[in-house]
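There are 2 protein chains.
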Amino acid sequence: MVDPIELNDALERLNAFLAGDDLDGAIEYLRALHPADSAELLSELEPEDQAAIIERLQAAELAEVFEQLDEEDMADVAQHLDVEMLADVLDEMEPDMAADLLGELEPEHAAEVLEQMEEPEDVASLMTYEPDTAGGIMTSAPPSLRRFWTVAEALRFLKLHYAEEEDFFYLYVLDRHARLIGLVNLKALILADPEQTIEEIMDRQVISVHASADQEEVAQLLQRYDLVSLPVVDDEERLVGVVTIDDVIDVIEEEATEDIYKLAQMSPDSELYSPVPQSVRNRLPWLVVNLGTAFLASSVVALFEGTIAQAAVLAAFMPIVAGQGGNAGTQTMTIIVRSLALKEIEPRDTFWALWHEGRVGIINGISVGIMVALIAWFWQGNPYLGLVIGIAMLGNLIVAALAGVTVPMVLKLLRVDPALASSIFVTTFTDVGGFFLFLGLATYFLRFLR
Amino acid sequence: MVDPIELNDALERLNAFLAGDDLDGAIEYLRALHPADSAELLSELEPEDQAAIIERLQAAELAEVFEQLDEEDMADVAQHLDVEMLADVLDEMEPDMAADLLGELEPEHAAEVLEQMEEPEDVASLMTYEPDTAGGIMTSAPPSLRRFWTVAEALRFLKLHYAEEEDFFYLYVLDRHARLIGLVNLKALILADPEQTIEEIMDRQVISVHASADQEEVAQLLQRYDLVSLPVVDDEERLVGVVTIDDVIDVIEEEATEDIYKLAQMSPDSELYSPVPQSVRNRLPWLVVNLGTAFLASSVVALFEGTIAQAAVLAAFMPIVAGQGGNAGTQTMTIIVRSLALKEIEPRDTFWALWHEGRVGIINGISVGIMVALIAWFWQGNPYLGLVIGIAMLGNLIVAALAGVTVPMVLKLLRVDPALASSIFVTTFTDVGGFFLFLGLATYFLRFLR
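Chains A and B, in that order, are what the protein sequence lines are.
Position 180 of the first sequence, counted from 1, bears residue number 1446 in the numbering used here, the numbering being contiguous throughout.
Position 441 of the second sequence, counted from 1, bears residue number 1707 in the numbering used here, the numbering being contiguous throughout.
Chain A on its own, in the form it takes in the complex:
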């Protein structure tokens, strides 16, 4: 077993072989590793070393390597192969991975490669589905059985036709129209009496999903019913493929990453290794939108220019009230947005959430308000300044709680993704609220503050 820390050591060893021009040694070393590890190492090599090794590997070995890489690394490595070799490799790969790899190539290149494949049918049909749907992430269906077969017949059928296939965990039972009517898990097949019929051992309560279903829905179904794979059907309920759990894990991780990026006010498609112009496109529009709300808050401050001219110290305290409101609002908004995503709360729970978060806001507001009041008092030697900032802080933390709940709930009701747009509205409320409360109170108490 190679563990994550040893991967760096392994890379060093591999590079040592390559530095000594020992290509045979390097290949032998890679072959001894788990395919997931050799693929990882291969993707970390310099392009020329990658090319040298890849030229020497068999199609079946390359297929194993490709299946372990993510889509972009696949495309990088694939560019070292000519059309015939790539077609051979794709023939050996799982159809869904082969379709993903072809999807990364230029359309003409992909068409050329498909034409050279021995068995292009499965891959070509998988390529017709939208990427983020059940059809887009599924692979070809595992062996299917008929309900009137005996267990012995089913086993004979599997030995005859499926010895070379990838691992599978469930078998599906189809009727004469290829419609899905049941599921047999391998354990049931192993433990059954050879004379029993498939109908007797199959589970009729089979959960399936339509090929056009969103990948997020697929992930939720697999989680809800604790499945390791989910059959995908077409409009006529015919089995067209199966989504396996490893793809679903990728979906769950991808969706979490997207939510994190949206909450940080950037495009959900952001990627660390994007070219600079792409990174700018993923971020600049969000900064510009924020600029609009910043000027809104700024115009509130401008209303009180006369007050600030008379007590410039207010300018130093003003961002504290707005900033703490922003922090508290972000806390509330984040827990609401995440709980909406995990389906732990719905818009109809808004009143409960307002009551809960409102109380948290009041308690935090009183606590932070007292602290900030005391600090301001002792720093500037003016109890009235403490009073003004303390009360403004309490008020703004209540604004933060209300906005933190209401904004994502309203967005959800309007069918706008709450993760996408909540931050900007919540901080607008807390900026405007903070400046208005603090400078408004300060204007009222101005003669004590000068």
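Treat the hints with caution; some may be incorrect.
Okay, derived cross-link-like pairs now, DSS-like style, lysine-lysine, Cα gap no bigger than 30 Å in a straight line [stated by the list, open to error]:
id: 1; chain 1: B; residue 1: 1609; chain 2: A; residue 2: 1609
id: 2; chain 1: B; residue 1: 1678; chain 2: B; residue 2: 1609
id: 3; chain 1: A; residue 1: 1425; chain 2: B; residue 2: 1425
id: 4; chain 1: A; residue 1: 1609; chain 2: A; residue 2: 1678
These are calculated hints, taken from the structure and not from any lab test.
Chain A is already provided as a structure; the job is to place chain B on it using the hints.
For chain B alone, kept in the frame of chain A given last:
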């Protein structure tokens, strides 16, 4: 198949049975559903309705229901059962779920229930592991084979002893000291010749994990090697259990939620439905820490009180520079923190990241700087104000890029969780940087701004 939307309808139907005092109808209705759905519905009912239904279910039915609930719902439902019945239910449950349920009860109550169980051994031994480790999330090991058995013998053994067990997908091969030496997947067993030995069909490259390994490491291994379960071993390499993929999905979702909460500056243990005092404890300390840095930024503003007193308009523009820096810094920091979590980047890539993010910061800084300069110029009719705010904006977006990369990388090197502490440091840099650059430049150009 019941889909997520229909669940609300199903709840209404169930409540209609209960409103008409038709308990038999309600139970019949629940029995016809998938256990995951009937468990979900049951957990949504009022406690008295729950109790009435639970009293009428068999231990085996209740076990199925419990296995579908999350830990807190399990404990809620379990309170309706007496010790004997609960013990019967636990005997029917998967050992890991039974251990989780017992872990939710008061220790004395759990001990009483354990004493009443027929087969408490597996559950009791699972309860000895730390919750967030491989041992804590594993369940009892599936059937294990010996390498010198024939396939026919193995099948006979499974039929004799494991007909009643939960589904399993892999079988493990142990040596005479119960050490893990290989893995057989069910497909290989089905397709093998009955006279072959287990040794001939087993896979020796079996990935395993120590019982004390962190659950995040377990999740990474299952993902990296595309496994549906991972064997867990003790100090002597003996098989003690197995972690299944459904538990790993929960871990992945939990870790993402924790990172989201940490980035939003609140306790990773935050929960929507925590009692108010707990919510306050999860958030107030973070607000207080932020208060410290807010006063630091505020003291920078205080340095320039003389400037602001002469040109109060600066107070209105000052938060825009700091705020945009905070937004841009959060974008960079978030992509670095998430990429560190997904192991797409390491601290040794810091220079690459600084170069990439620095260029993004300069381009965004020039763009936003020009926009803000023009708005300020036309709003206040003063080109110098535009010049000052534009240059300060560019400068602060560069500060944001540098801090957004450096802070999480340094925290990672110091073995502090970057998600936990990056936000506070990055916004400190952008607040201090923004105020200093803007007010400093404004002081220099003061005679043009009055």
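Status of each hint after checking the structure:
| no. | hint | result |
| --- | --- | --- |
| 1 | 1609/B with 1609/A | holds, 28 Å |
| 2 | 1678/B with 1609/B | holds, 12 Å |
| 3 | 1425/A with 1425/B | holds, 20 Å |
| 4 | 1609/A with 1678/A | holds, 12 Å |
Every hint from the earlier list agrees with this structure, and none is contradicted.
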